[in-house]
Structure formats: structure tokens, C-alpha cells
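Enquirer: Read top to bottom, the protein sequences are chains A and B.
So the first sequence is numbered by full-length UniProt numbering: it starts at 1 and just counts up by one.
So the second sequence is numbered by full-length UniProt numbering: it starts at 1 and just counts up by one.
One or more of the hints may lead you astray.
Copies of one chain are not kept apart here, so a pair can be met inside one copy or by any two copies together.
Stated by the list, open to error - Below, in silico cross-link-like pairs of lysine-lysine (DSBU-like), each with a Cα-Cα straight-line distance of 35 Å or less:
{"hint": "1", "residue 1": "K322", "residue 2": "K101"}
{"hint": "2", "residue 1": "K71", "residue 2": "K322"}
{"hint": "3", "residue 1": "K26", "residue 2": "K71"}
{"hint": "4", "residue 1": "K386", "residue 2": "K322"}
{"hint": "5", "residue 1": "K311", "residue 2": "K101"}
The set of hints was computed from the structure by calculation and includes no laboratory data.
Small disclaimer: the values here were computed from a predicted structure and weren't measured.
In case you want the letters, here they are:
Number of protein chains: 2
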Amino acid sequence: MPKSGLLEQFINSPLAAKAGVPQGEKLRRHAPGEPALDGPVVIGGDGRLAGGLRDLLGGDYQYLSAEADTKRAALVFDATGITRPEDLEALYDFFHPQLRKVTPCARLVVLGTTPEATADIDERIAQRALEGFTRSLAKELRRGATCQLVYTDPALGAGSAATGAGTGEGGAHAASASGLTPLASTLRFLLSGKSAFVDGQVIRVGAQAAEEPADWERPLEGRVAVVTGAARGIGATIAEVLARDGARVVCVDIPAAGEGLTNTANKVKGTALPLDVTADNAAEVIAEHVRERFDAPIDTIVHNAGVTRDKLLANMNEGQWKMVQNINLVAPVRITEALLEAGALSDSARVVGVSSMAGISGNRGQTNYATTKAGVIGLVDALSGKFAETGAGLTVNAVAPGFIETAMTAAMPLGPREVGRRINSLQQGGQTVDVAETIAYFAAPASSAVSGNTVRVCGQNMMGA
Amino acid sequence: MPKSGLLEQFINSPLAAKAGVPQGEKLRRHAPGEPALDGPVVIGGDGRLAGGLRDLLGGDYQYLSAEADTKRAALVFDATGITRPEDLEALYDFFHPQLRKVTPCARLVVLGTTPEATADIDERIAQRALEGFTRSLAKELRRGATCQLVYTDPALGAGSAATGAGTGEGGAHAASASGLTPLASTLRFLLSGKSAFVDGQVIRVGAQAAEEPADWERPLEGRVAVVTGAARGIGATIAEVLARDGARVVCVDIPAAGEGLTNTANKVKGTALPLDVTADNAAEVIAEHVRERFDAPIDTIVHNAGVTRDKLLANMNEGQWKMVQNINLVAPVRITEALLEAGALSDSARVVGVSSMAGISGNRGQTNYATTKAGVIGLVDALSGKFAETGAGLTVNAVAPGFIETAMTAAMPLGPREVGRRINSLQQGGQTVDVAETIAYFAAPASSAVSGNTVRVCGQNMMGA
């Protein structure tokens, strides 16, 4: 065994843990057929959402009153009732007594009102303040527990009167949940192992009509999904998870990827499409392939293909700049626009980009890469705005992975790799499945009210902007 | 000398530098009467701004052609001509050959078009991508050099035709700069030592009419400024810098601050107002004081007063939560609203909040503090939206300090302090004057087109959201 292998073994051993090297909790991830949570949910707060949450989540979850002494696996706090800075104390009142009672890998979710959708000055200030609370709390949690903030459109749940916390174990169910259905896919994602490596995030949910799937274990049943860069790494896992959720998957990768592409396609019982995404006719080829094989439009396109060519800008050659631009940014933009133009996307299509932590915070040695990954955020912003304006049922979102365990990170030098793994609130690297689960959540027909988000899958990495 | 003093001496010594402990360059800061830069500026790019930049900056700066071989102290690149992702190569073409020719503490500025103000999808994507570039480049620069991105309203400079880079040393000056005047205060701030500890930031500038001051050394001449928490630390320095720039300063602090408050007020030849900002009538008292002493409305209010009561939420008592909320968030909100209501602010008033890195990224042990500091960002968002809607000449912005050398940080334990100092692109802590200079820039009448910004003064600290 090479020296670095021994050192790595040590760094990741119980002995190193005793010496203070953070090891991170083994994260509870989604397993088909198993309960989403390994314990009950406590619901608190008294805004326009709390009363409908139990009906919304239904029988797949157990519930517990806020006062109960047994362990809870999730806390959901409806903060939409907070309309003035003075009201923020409700956060303290609810969470302070709960924190010692949560299980490992517990899920904490605060539901707020989208600040920029609020006309009232005081409410907008108070709602914006929630972000400082949830991001701090996420950093205080240990043993794999996470905390997120979900901002909801003011119209969501506005029909039903506020009916109190609905926390009583046997209490009558409050107002019908039908008005909250647009929130279902997000809440289920966050209250499960599917979001194991998503932490300290802010997700915005609209009020667009949504339907729950016939089976939450197969939320993509019958959908056609295209995944670029599917031969290996994160892309291969995306294809697997989308297929697990019921999608028919078209696996795209460069012709040179050869066997890797075939392997993924076979594994997911999908089709393989060898194609350079930078080719002028790439969109045409993809649309034609989908039409031929499935006689259907594209329901989801995941722009996962990407490369790095790291160099300080002073030392970078033009080819290193151009190649990264063309594959990571120009191709997704041109393919998306051409598919839209050609009417090759379905009326409820999901466009998913893959950004990066570097696209948010910038990164030394990655001016080329970070430019493209910030551009992907621009694609999400620009297209979601357009979709919202035109009332189209399409959505666009992106993931921004942090340190994910892949062949690429395994090949990093020991020091940067072991630091990179640990400088996040979960004190470990993520798995490719964590990125894939987040993409599957975006891809679901039930996520019609989820658009314009760039969600980091980074364990709340400390690096940011 | 205590042991930690010796260790600190070592850590900050040339010997430690040789051992790889980053020391950071001595930053060039503003000194009245001295040139803003210690070398010439190279202007590049060919959008709607480049042609007018030399006229805008005028005789206070020297200029150099992009091809010259001598050292340059600043690079300004007009990226507003970049309207498609394919055009981003212009960044590489301009910056790649310049980087080896910049002086220590050089200033790099990229001028773009505000993405969300752009209707064109391709342009919005390409402009959003600039952020990944500038944040990465800021991380590559060494020896105190900084890089920022300024997004400008599409209307800014749109009157004058694009006239090329205007980089020739002797070239005819292009279109009149009058249309670019709203940009002057921002550009002068960034192209000077006043922004020494501002790095990797994004600032948005509108197209609201602006006037240049009679004297750029006294941009606040005759203005009345109120600074809370002025007895010591950052607040005292804010008072000093505003006074240096010509303002008459009202120094506010709690009665218990006693001598500290008197000292600041005397030093800045201002007035002292002992006042608890959480008092119900705080706004009234401030307005009355200003009316009595100056027979004028308030031109600037800086909400600097703030406290910390750090505890994990699980261990925090209610008093620790409430006190931080009331002083840091409720008071600024209520005082601002009451002053607006009472008509106590001038028609060109500047409201300035003090947020924090913790308000952006969250911080372990600071749920109370980070909630308030995120709320301050909410105050900026909410009020700037309202001011823009009503066409008022008022602006609101905030600073978000990172690690700033104060009595508070000097009292930190050695380890966290020395790490905190160094985990930013400038590899050192900032000075209180760096925060104060940024506030003075917001406060200037010339900054009428600068509103809605939260600018970090953190040396591009790696911690973020």
C-alpha cells in the first residue's frame, strides 16, 4: 500500500477522530420502500401553512406534539406568520427547547414567505432575517442533521385561514391541504434521506398548480429524460436515479466515452446517444433520437457534461479557456434554446443545469470554469424569468455541487482532498447520489412550482460568496 | 510578555512567512492629498462605457495603452459589450496578457450590465457569468491587488455610441462623460486605497442622475451625518472618516459609553448624543437633536450600534436572544421608519446599515446575531425597492464586515484569531477605516445611483453562503 494510502486510512480512522480530525456522521440516505424519516415530525408555527401540513404529508409520516419528550426526526416550523422583526422571537421559542431532542440526521425546515414577493416593508425585513437564522442553525447541528429555509409564494395557502400550529398528536386535521400541493415535492425531498448532503440552503417555491404523483416512489413514471455526460461519475448516477424514479433515460456522452456510455445505458435500461454536445446540430440530434425511440417530447434535460482545465489566468492558454466555455456553458445554452425553438420540449419540461460551488464563490485557478458555472446560474435566472412571464409550465433549476466523492476527487493530492472533504457542516464529502437526488426532485412533475433555484449540494461548505 | 504574545509575534514575523504562514501585503490606503493610484490605468473593452471613462475620471488619473510594457496600477474593463456567452472570450483576451504587469495593490474592475435588468436571455446569461470570472480572478491576485465587478443599469452610457476601447495613450477622448456621472463615485472608490479591504465584490449602480462634488477630497461637505455606536471601534472610525470628508457628525451611543462618546465627538468636531437606540422615542430624540444643532434635516444615518451574545441556540437564554434582536435589528428598522415618517431625512438622504459576514453565511453560535444581520440585508432590499418605486432621491446600502482588527478581535483566542485573519484573499485582517471608507462612499451625494447594495468589507473572506 502506498504511503498516502496509509495516511488516508489513518485520517479517516477512529484514532484520528479521537485526535480531533472531524469524521462526520454516517448520513441516512433514501432507500426505496423504507420510511422517509426514522422518527416522527414536530410541526410548529402559526402562519398560513402550518394548519395544512399534516394533511399535505399524510400517512407517510408520524407526528409528535412539540411538548413530547421522545426523540423526533424532523422539525417543521411555519414562519410565515412572522411579519415584523419583533416576531422573530417565535424562532427562539420554538427551536430552543427542541434541539436536544432531535435524532441523528434529523431534518429541520423553516417555511417562510418569499421576501421579494412581499410588499410590506416590515414583513420583507423579518422574512429576509430567517436566512441568517437557518444558516447559523445548520452550522450548530451535529451528527448529520440539516436545516433549510423554504421561501413560499404569499399566495400559497393564503386561502385557508391560519389555524394554529396543528401540533397536537390527536388534533383534528386543519384546512384541506390541496392549496399546499405545490409545496409537497419540496417538503418530501427535504424530509428524507434524498437531501442528505443538502444543508443550510434556501429554496423558493411558487404557487403554480401541482399534482402529486400516483406513487411517490415513482415520481418520474413515464417521463423522458436526457442526461449529458452520462458515461461516468455524477452523470451516470443521475441517469440511475432518474431511472429508479420511473424515467426513460437517454444517456449522452462524447463518442470517445465508448463503453462507459453503453454501461450506463444498459444499467438504467435506457438508450445511449454518443454525441459531442458542442456540435452545431447537437439539439437536433437529441430531439431526433428522442422522437425516434420514444415518439414523445423531452420532459427533462440535465446539462451535466462538463470539463475543467485549471490554470491561473496568467498561465492559461486560449484553448483551455475556450474548451471549458464551449462545453460547460455555450452548449447548454445553445441546446436549450434550440430545443425550445424546435418545440422539442414537453409543456411540463424540466431544464436542469449543473453549476458548482466555484460558480458561486469563485476559485483560484478556475477563472474559465467558474465563469461557465456562474453562467449556468444566469441560465436559470434568465429562463425561469421567461417561463414565469409566459405562464409556461416549464421549469429551470440548477444544482451546485460542493465536494463530491468521485474518481476526480479521489485523484486529488491528500492534503487538499482531506481538507475539502471536511470544511462543511456535515464534515464529509458528498456522494454522487446526493447530486442526483436533488436533480430528480427538480425533474418531478410535482415540482411545477419549483423554478429559478440554484441549490448547493455541499453539506453547507464554508466556502461561498 | 505573555506566551500568547510571543507566539503571536512569531506568527506575524518574516520567519513564519518563510515557513508558509501567509502574511499579506501591506495594503495601500487612502491618504488625503496623495494620488488615488500609484500608477496608470489601462482601460479595455468596447461596450457602452469604455469610450467615456477617461473623461469621467479626468486628470486625477494617468492612462496607459493595453500594449505598453510598463507597470499599471489599475485595469478597467468594459464588459457591457458582451451580449452572448461566446463573447466571454474578450475577458481572457484582455486580462491574460495584463496580469504580469500590475503593481502591488493594483485595482481591477470589470464593468458589466445588471443581469436582471436585461431582457435578452443570452445577454443576461453572459453578464451573470462575469461574477464567476471576477470572484476567481480576485482569488488569483496576490500582493494586495483586488478585483471587483460593477453591474450598471443598461441606460447608463446608452446615449453615447460604443467607440472602442479608448486605450490609446494619446487617442482623442470619446463621447462626453456626462452620461456616466452616476458611475463616478463607485469607480473612484474602487480605483483608490479607500477600497483596500474590499475584494471580489459585486456592486450594482443605477442610472439615477448624479452630480460630482466640487472637491473629491470633501465629498460630504456640509452634510449632516448621524452615527450610532460611535463611542469606539468601527463606529468611532466611521465618525472620523465622515468628518474628514466634510460632514457634520452626530455621535450617538448609550449613556454608559460616557467618555468614549465625548472623545469621538470632540475628535471629529461633532456633537455627542447619549441615547439608547432601543428607546421608544429614539428617532424623535435624534431628529430633535439635529434640528436644534444644525437647523437641517439628516443627510446620512449610519446604524452601526450592535452587540453580540454568542451561544449555541440550545444553550441561549431568552434575554440573549432579545437583546441582540432589539439593538441590532428592531432599532435600525424602527428608527429609519420613524425618521421617514416624520420627514426628518433630507431628499437625498443616505441610510446605511451594518450587516456582517455572519448575516450572509450564518455562523455557529450566532443564531441571534446572524438573524439580525440578515435582517439588515432585508432592510436594504425592502427600502431600496420602495425608494426606487417612489422615485425618491434617497438611497440605502449596507456594509458587511469580515474580520476587522478591533479590541474585540484582539481579545479572541490566538488560534481562531490568526486563522480568521488569514482566510481571505488578502491574507490579513481589515482595519476599521476600511469599513468607514465604504460607508463614506455610500454616504456621498455623488452616490445617488448606488442603492440596494450590501458590500462585504472582508478581503474576500472564503466564508460565504
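Enquirer: Are the hints correct? Go through all of them and say.
Expert: Hint-by-hint comparison with the structure:
no.	hint	result
1	K322 with K101	between (53 Å within a copy, 23 Å between copies)
2	K71 with K322	between (54 Å within a copy, 28 Å between copies)
3	K26 with K71	within (19 Å within a copy, 54 Å between copies)
4	K386 with K322	within (28 Å within a copy, 43 Å between copies)
5	K311 with K101	between (48 Å within a copy, 18 Å between copies)
Violated hints are absent here; each numbered hint is respected by the structure.
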